[in-house]
Every structure is written in C-alpha cells, then in structure tokens.
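Trainee: Keeping the supplied structure of chain A fixed, place chains B and C upon it in accordance with the hints.
Protein chains in written order, with the working numbering: chain A, 1 to 161; chain B, 1 to 551; chain C, 1 to 521.
Among the hints, a few may not be true.
[Claimed, not checked] Within a straight-line C-alpha distance of at most 30 Å, the following computed DSS-like cross-link-like pairs (lysine-lysine) qualify: (1) Lys56/A <-> Lys82/B; (2) Lys346/C <-> Lys338/B; (3) Lys168/B <-> Lys139/A; (4) Lys56/A <-> Lys88/B; (5) Lys158/A <-> Lys88/B; (6) Lys47/A <-> Lys99/C; (7) Lys338/B <-> Lys99/C; (8) Lys168/B <-> Lys243/B; (9) Lys47/A <-> Lys346/C; (10) Lys168/B <-> Lys203/B.
By construction, these hints were calculated from the structure, which means they are not laboratory data.
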Amino acid sequence: MSEEPKTPRSRLEPEPVSRRDVLGLMSLWAAASAMFFALVGMLRLPKAAVLSSPSKRFRVSLPQTLAAGEAFTPVGRNVAVYRDEQGVYAISRVCTHLGCIVKPTAEGFECPCHGSRYDRDGVVTKGPAPRPLEWLAVKEQGGALYVDEGASVAAGTKVKV
Amino acid sequence: MSKNKYLLLISSLGVLLLLVAAAVQENFLREWRRVQASGRNEEGSIAVQLRQIVNPGLKTSDRCVSCHVTMAPGESTVTGSKLLTAHKPVVHDPSEWGCTVCHAGQGQATDRADAHGDVHFWPDPMIEPRFSQAGCGSCHAPLGVPEEERLSLARNTFARLDCYACHKVDGRGGMIRPDGGGMEGPDLSRVGINNYDRDWYAKHLQQHQQATQGPWRNSFAAVNDQDRALLADYLATTMAAPKLIEAKAVFNSTGCLGCHKVSGVGGDEGMDLTREGEKDPGQINFAHLAGGHTVENWMAEHFRSPVSIVVGSQMPSLGLSDREVDLLTMYMRSLRRKDLPASFTPKDRVRAVRFGEREFAGDGATLFGTFCTGCHGGNGVGRRSPGMPSFPAIASPDLLGRVSDDFLTENITKGRPGRRMPAWGELTGGLKPEEIGKIVAYLRELGVPYQPDSKPARWIKADPEQGKKLFASICSGCHGAQGQGIEGPALSNKVLLATATDSYFVQTIGQGRRGTAMLGFLEPHPARPTLSQAEIESIVAFLRTWERGKK
Amino acid sequence: MSVGTEEKIEQRGSALHEFWQNLKSTPKSFLDTAFRGGAPKTDRTRSTFVFGNVFFHLHSVRTHRWSLRWTTTWGLGIATFAAFLITLITGVLLMFYYKPSPDVAYQSIKDIHFVVPTGRFMRNIHRWAGNVMVITVLLHMARAFYTAAYRKPRQFNWLMGMALLVVTLGLSFTGYLLPWDQLAYWAITIGANIAASPQEITNALGITQHFDPGGMQRLILLGSDTVGPEALIRFYLLHVMILPLVLALIVAVHFWRVRKDGGLARPADADRRLGPAKGTYPIFTEQPKKTYQLAAIVRGRTPAVGNGPEGTVPSMPHLFYGELAVLMLTVLICVALALIANAPLKELANPGVPENPAKAPWYFLGLQELVSFSAFMGGIGIPTIVLLGLGLIPYLDRETAGTGEWFGGPGGKKLAWRSVWFGLISVLAIESFVIRFGWLREWFPHIPQLVITAINPGTLLTLAYGAYSVWCVKKYNSTRAGAMALFTCFLCGFVVLTVIGTYFRGPNWVFYWSPADWPGH
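Bound conformation, chain A alone:
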C-alpha cells in the first residue's frame, strides 16, 4: 500500500491497484488448497473399500461321482467346475457380451440373452460375445479346493488334485 493518496479521491476513478498483496494471496491460496484437499478426501468416500458381497474366493467340494466333462455349479456362484484326468478347472458362467449367466449344456454353454454360444472350453462359436468365457483360478490348499471368481487364468489351466 505504498501509493497512499494524500487527499481522498473520487470513487469514480479507477482505484490504483496495490501490486503486491502477498498476505492476501497467501491466505487465498491456503484456503483454496485446504478446500482442494478436503475435496480429494470427500471424493474418496463414494468408492467403497469393502463390498457387501461375499468373498470372490470360495471353497468347493466336488461330489465324488462327478464325471469328466460334467459341470458342477456351486449354489450362489456363477461358475462351472469340472474335473477330468488332467485335473480340476473352473469356467466363469458370466457371458462376455453383457454379463448374462450362461447355461452349461452338453455342447458347451448357451447365453439366454442375446444367443451367444460357447464350446466346452468357453470359446465363442456363435453370437455377439466378443471373448471366450473366462477360466478362473483354482487353488488347492490344506486339502480343500478354492475357486477365485476374481482371478482369471489362461484357458486350459487345470489343477492336478
């Protein structure tokens, strides 16, 4: 505020601007950054840290009588589990087109929504599905089998039990 006028000036004239208002700028920037930081914190809230759905990884106990190539579908899980000579493997039953639940058949899988068809290894044979069905990670631990709906593996991965 160096240019303090000696006599009051008309309010109609433009006020000469004080060139440096370090304090004002600092305080405004501090306020703005505090608000920005608060905003970042608030934006983190809507993304949940844990979901209310059950864990993606779950234990399956395959029936002794399960024949090779026969699908075992655990209750409440959109997965088909198979056992053959090479081992156990799990294929996701979620259609890669728009997420409908496909039905295991003798030939492979059928999607009821838009008519996609997959063969027994989950490869698309017909319809709009862009990708083969996902193969899911199977893990043997402490004598129990775990399937992880959240982790896909390369098609054809089978776990020897």
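Mentor: What follows is chains B and C alone, placed relative to chain A:
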C-alpha cells in the same frame, strides 16, 4: 482487513494441517496395514487392503481377517506377523463361517480394541481364547451330558475298551487301513450331533459277534451292557468340543438348575441363565470386583463368592475348585443364542428347543447332580452357607431309613411351600415323574433302605396342649414359633405333615439326625433338656394340629 | 487459377487463422465470460465482481466499516451458515452409505465408522458441525438481541431468525435418531413423549379419549405408538429432505432481508464513532449530488443523500476476506473437534433396556429438567411462552436508543449484569429447593395434577423472570430494558438448566454431584 487475512491464512493452514493429519492417520497408521505389510505368500507380499468374510446367511461381515489374514478363504499359506498364524483345522471353516459366530466380538470393526469388543458400548465382547469352545454354544446345545463322574467313567470306558484303536475322537486315536483305503473305523468326534439311536450301538456290537473273521471279529472283545450304556452316554456327547462337554458335566454336577433355568428347564428362584453367555459388560456392576473388568472374570469371581460380587445374592457359596470355576465360567459363556436362519439351525438345538430333549443325561446321579447338589450338596450331605438356613442333608441314613420312597417322591414332587424347595413335579420346567423316580432310586443308592416299623402311619394319641408348651420352649428356637422354619426346617409344612408318618417324627426327635444341629432328645445333653417318649409324642400330636388348618 | 479463387483461398486462410486464434484464446475468453467484468482490481471491477456473480450479488457492493468490525457480529451468522454448509456436504456424503431401516441402520453406521474411506472423519465432522451450528445460531440470536438489531426495519427478519433456530434444532434432533443406537432410541422416545405432553392437561380434564392433541402430535411424529421403523423413515425424510429445504428457503429470505433492511444495524452516529478512515483507500467520501435512480420507486431512505461521508468500503475484498476467514475458522473448529473426539455411538437400540438416565440431546436437557417437573409445562407451555415472547420483542420495543450497540438502550451493560445475577440466583435457588425438599407431589400425594401443572418450579421461575422484567420496565421507563432483563434471565435459566441436566442428573433423574457417585446397575 489484514486481520481478516491473517485469520483466513491461519485457519486455512490449520485446516490443511488437520486434513493431512487425518489422511495420514487413516491411510498409513492403521494397525491392520502394518500387519498386512508383514504378510507373504508364495507369490511374495500380499495386497494391503481391507479384507472381510461375508456370510449373507448369518448376516455377518467379519473384518477380523484384515489382521488375521490367514482365516480368509484360500489365504492359509500367508506368513508373517504372529497375528497371521493360521487357524487350526476345525469343523466349521472360518473362511466360510466368519469369526464372530463362534468367538463373538465386533466383526465389523477394524481396530483391535473395537474388534475384540474391549470397548464401551459393545455388548458382546470376544470370548476369552481359553474358553473359545464356549462359542459352540452360539448355535449348538450339547444334549444328554452326564454328571462329571459318570462322564469321566464313560470316557475311560471308551479308552479302556480300546475303541481308539480304530476310531478317532477329537484328534486322538484312529488307524489307517493297511491298503490305504481310509480309516479303519469312522471318526466319532461329532457323532453326538448326528443322534444315532442308542440301539445302533447294540447292533454294531451284534455285527461284531456275528462276524466270523477279519477286523470285525478280531478287533474287540464282547462289551457288556453296563459298558455299552456308558459308551452310548459318551458318544451322545461328542461334538468336537470336549472341553465344553466337560464344562457342562461340571454344571450338571453342581445343581445349578435347582434354582436357575436354562432353555426353560430348572428352578425359578435364580436368574434365567438361557442367554447368560451374552451378558453385556455394560450392564454388569463391576464395583465389587477385584481384577480385570471382563465378563469372564466377573463370572469366575461370582462363582467363588456370589454374595461379595452381587450384594444381597441368595446364591450359596459352593466352595468350588479353581478348575470347576473355570469350567463353569466357560459353560456360562456358552449359554448363547444366536438368531439363526432355519437352514443354519443345527440338529441338537432343534432337538432341545423344538422336541424338548434334555440337555442332561437321564440317570439318577446326573439328575441329582443337575438339580439337587446346589442346595443339598454332592452326595446329599447338605449345605451350610453363611447368612442362609442350612439345607437338609437328604442322604443322611437317619432320614432315608425312616422315610418311604413315596415320602421322597411326594416331597420332591410337591416341594416345601414357603421354603426354597420348589415343587419339582408341578413347576414349569420341572422334572418328569420318571426323572423323580430316578432321583429317589439314586438317593437310595446313596443311603440306606427304608426300615419301616410295624405301626400305622398315624398312631399317636397324646395331648397336643402339652406338646405346644414343649415346642414353644424347646423347638421354636430353630423351627420357628409357628413351625415356619428358621435355621431348622419348616415343620408346619403341609407336604411334610401329609407325607411323614408319626414314627418318622418320633424317631427324628428322639434320635436326632446325624451331621446336623438336630440331636436326639432322648439322649441326655448338657446344653438342653431331655425329653421322655411321652413328651415327644405330645409334640408330634401338636405338630399334627397344624395339619388341620390350625396354623 | 483465377484471381477470384486466390482471393477465396486467402479468405479461407484468414478464417482458419481466425479459428486458430479463437481456439488459442478460448481459455481466456471462457474465463472472461465466466467471471464477468474481469479481475477485481479496480473499484469498478470490484463492484462488478459482486453484482456480476450469482453467489456474491446478495451482498451489497459496498459495506459499511461498522459492519466489518469483529465486535459487531463476531461473524456468528456466517459461522452458522458455514456450519450448515459443512453439515450439508458431509451429510450428502454420509447418505451414500446410510440405510434408513432399523435392521441395518446401526450396521451401516458401523460400516461408515470402520471401512468407508474417510467415513469416520466425515461422520465426526457432520456431528460436530451440527452441534456447532446449534451453538452459533443461539449466540447469533443473542448477538442480534443485545445489539438491538431486531428493531425497525428488521422486525420480520428477527422472526425469520427464530424460525431458523427452530428448524436448526429440528434438524439436529431428527438426525439424532438415525444411528439407531441406545442413545438415539431413548432420546427420541423422550422427545416424542414431550410432544405428547398436552395429554397431561387433557388427562387431568378427562377428555383425552375425545380430544388428544398430544397423542396426535406423537403419532404424526413417530407414525406408530413406539419408536420403530416408521419413526426412523420419518425422521430420515425430515432430516435429509424436508428440513434442509425449509432451512434453505428461510435462509434465502433471511439473507435477502438483511440486504433489503439496510445491512447490519448500526448506531446513527456510526461514522463519527469510527472516525476518519486510516489507510484503506477507497472510502466513499463524496457528498452525493443526486439520488440513485431506484430511489424513485423504492420507498424508504435513500442510502446516501444528505448523509455526507458514508464510511463504506468495497465489499470485494474487504467483506469477503472476513466471510471467508469465518468460514475457514468454522471448518477448522469442526475438523479439529472431529479429530479429537469420535461422534458417539452406543449399543444397538434395545427397546427392552432403557438407558438410565435416558437423556435427550444436550440442547433439550434444559427442557428435560423442566419436563421433570411437569411434562406439559416443560415441554410445551414454557417453550411456547418463550417463543411467543421472543417473537413479540421487536413489536413491543419501538425505541431507538442504542440500536446497533452492544447492550444498547437504557440500563446498558449494568442492567445486563444485574439480570444475569437475578437470572442465575433465581434458577439456582429454585433448583436447590426442589432438589433438597421435593415439590407438591412429595408433600401432598393426592394433589390434582392440574395444580402441579400450574404451580411448578418451571412456571414459578417464568413468573419470577416476568415480574422482574416488568419491574425493570418501570424502573428504567423503557420496554427495551424489560426485554433485556427478560432475555438475559431466560438465557441464564437455559444455560443453568442445561448444565444441570447434562452434568448433574444421574439414573432416575436424581441429582448427583458427579457421575462417579452414580449407583451401579
């Protein structure tokens, strides 16, 4: 204006600082982050994130696995901090069932104290790890548990007959078949829950007798009926929680049901214990408790001396050993009732709640231990507790020799109105007639058979007026002026007067009852007058006047 | 190639050039259009900054220096509004996770507390900002009263302020139930029964079966006869929808009237008292030569004609720095409280096990103390009298002396102090008497309830305050003096009763010197 600018600057910087502090606290300093950072599995370090086990059926979402990562599905190979020790193998896989259903605590919490429930306003803190089998009680109700002695006898019988050679129970015993085709005999750890017919074991043994060769034939010798009953009792209790069964056996030897109800069975005098294991520490008065303010400690100290923890408690001090106190505390903690959807309710709970099946074994010793020992003492020796009238020693030969089975049955069935002995045959949650019969039979085992004299039930024809004076001067000190009972038993009791014979009174007054304050009045005694036979008869005649409604 | 085509190409070239130039300057022109009038560097652009912005134009372009003094307002109105904004924002965030159903409400709060990112912090801020708002709105009201700012032309705005006080308390109270814990459940049970307290009168008259306004109020509030799912959804709707909308509406009117009623109240000789301005450059010092155009159609005094030097400064930046500072200070206080203390959360609501003592939210504990004497008088009667009295003040006090000054008017600060003493001594005396000796019911167990309703410590206290106030009107020959006496007395009574209810009442509403003396269960 610059004052405002300074204020703005300072507040803004303050806000910024606090926000940073809050962000650091939340994103870096949480305990579970440190625990997970130490975790390693086959692929290296594990992702640091909030973890949980959600069980929609039980309506639980247990975040315990944010620290105890190894309990989560498929994470059992993670190693690192001590908290990452894997759960020992149990029937209910924690990765499916979650933690709080058995261990209690606050599953939703992610801080140590909150999660373990050691905080204000969490009503269900974690069950102390040494009592963790109490958690089975959240859903299960062990049925048909015998009293302590019989249980250990039954367990020993199982061992003595070498059943462990083929069968595995609670991780002990069992044998692999030479051809590798599995176990020789099935694992019997949970056979109690399956509720096999007791005859099943008889058939099992028959199979053995009919077999001509092979392990069936060679593995064991014939089992006699007594041993078989013990085996059946033992196997009925197996549910993979041997410690809890032991605890319940102690409960069934301590006579708690004499005053307390569990699941609708038991006396009315004390608190209903059905959900005692869910006792809210926030509702407990810890004022008189030395030591830790935990539910378990409160219970343990309460068992040691009820009246010094709960002022005015009518519960007698039971003189329990440390082991018994521990086991009873564990059993109390197991008295829990998780609200379960029908599909989760186990068979034993259904049998107990829906079919009214007994949680104690049906033999006389167990029934006596479950209902009577609390007041009448182990083996019926009576109990004296400071500040309370003494409880009669009902196994005293001086009593049992003078009364018939009918007398005992009638007195148990109808109780002693006005005194602490309830009418067990009429009480809601009381005893069934056949159970009372078993108890009477057991009392006879403890004591002596009835030695009746030849006289009819009522033979005294003396003058009650003389008896009245004698009673007032000699008897009323202990039995009360109206015979209502003070230190001694109540004599104006309708049930007593209706069932007792004149001979019973005469003998008891004349010869006394050993082990109690009642000494025989025929014998000379320095401290009090001696009575003649005629005087005794007049007193009995006076007692009889109460029977006719003259108070 | 003809010349024409060349020209065309040239023209197209220049259009492209223009396009390019326009594209380059788009950010700048966007800013110019967004912020009309450009950077607030001169007196004129500063004015545009204010009236050219939808959020700022509620302010006048220039603000009187008197209004900018901290001691004029202590920023309490802005602080209240800031606290409202904070609760609004954090409240919306909490709604992402909160589930208004008794089965899951408590669990969802636990989730917010334990696993929602920043959830615990946001809930704490929400809770503390709500409390800050209640405190500042009360203080703001006291400020307006003690500076006699309710006088003409601000009478109506005083009423709006009272409405805001009521809505604020309503917001806080309805939010209390939402966690569905023991604290919430029993506080609301008591609150709902206070709503039903007219039954005390109707019961005494024996007409409850035919005419039951109390029961009706309670039924409408709870939607059932006990606090249950219906009550929760009603309170939720009130808390997140109805009351915030009502509050926003009244706030708009309140602010607008502040502006239309001529800004903040100030003494007639404020300019002289402030003295010549030092340092701050553009002070409105000219003798105006003509009235403003609007003056022809707006009634009332024109702002400047004939008044000489005004002593106003541009609102931008003088006022805005102040407002922003108060806003950030409020945020600071709320954030600091949120870090120091978690918002309370007790056990899951259990209709079978009442809290003992079951206490209403703290700002209702003064009422709860009165309710312990007579439900109707404490819950409905006396609050109604107080609200009526407050509402009447600006219409009864039409004096002019002392407007805009702290404790202005006859009597001044001395009267205020005297009233503090009177207020404190009366309330303490009557409380000690009741705590020591009990009341009519203890002495005459068969006394009709109507007598107690009429004669109880609450009504006696009200009477004493009223009588004292009338005495002040006579002594100072001033309505303002009476109002000041009454307001001060009630403020003291409120504070003392609230403190007693909060700190000195234990199980069964028995007086204890300290919670350490409470009996165990």
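Trainee: Each hint needs a verdict: does it hold in this structure or not?
Mentor: Consistency of the hints with the structure:
With a CA separation close to 26 Å, the supplied pair Lys56/A and Lys82/B stays within the 30 Å bound. A threshold of 30 Å between alpha carbons decides the hint, and for Lys346/C with Lys338/B the separation of about 21 Å falls inside it, so the pair holds. Note on Lys168/B and Lys139/A: the hinted pairing holds, with a Cα-Cα distance of about 29 Å set against a maximum of 30 Å. A distance of roughly 23 Å separates the Cα atoms of Lys56/A and Lys88/B; the hinted pair therefore holds under the 30 Å criterion.
Taking the CA atoms of Lys158/A and Lys88/B, the gap is near 29 Å; set against the 30 Å cutoff, the hint holds. In summary, the hint linking Lys47/A to Lys99/C is supported, as the alpha carbons are separated by about 16 Å, within the 30 Å threshold. The straight-line distance between the Cα atoms of Lys338/B and Lys99/C is roughly 23 Å, inside the 30 Å bound, and the hint therefore holds. With a CA separation close to 17 Å, the supplied pair Lys168/B and Lys243/B stays within the 30 Å bound.
Taken as a hint, the Lys47/A and Lys346/C pair is honoured in the structure, with Cα atoms around 27 Å apart against an allowance of 30 Å. At roughly 20 Å between alpha-carbon atoms, Lys168/B and Lys203/B fall within 30 Å of each other, so this suggested pair holds.
Checked against the numbered hints above, the structure breaks none of them.
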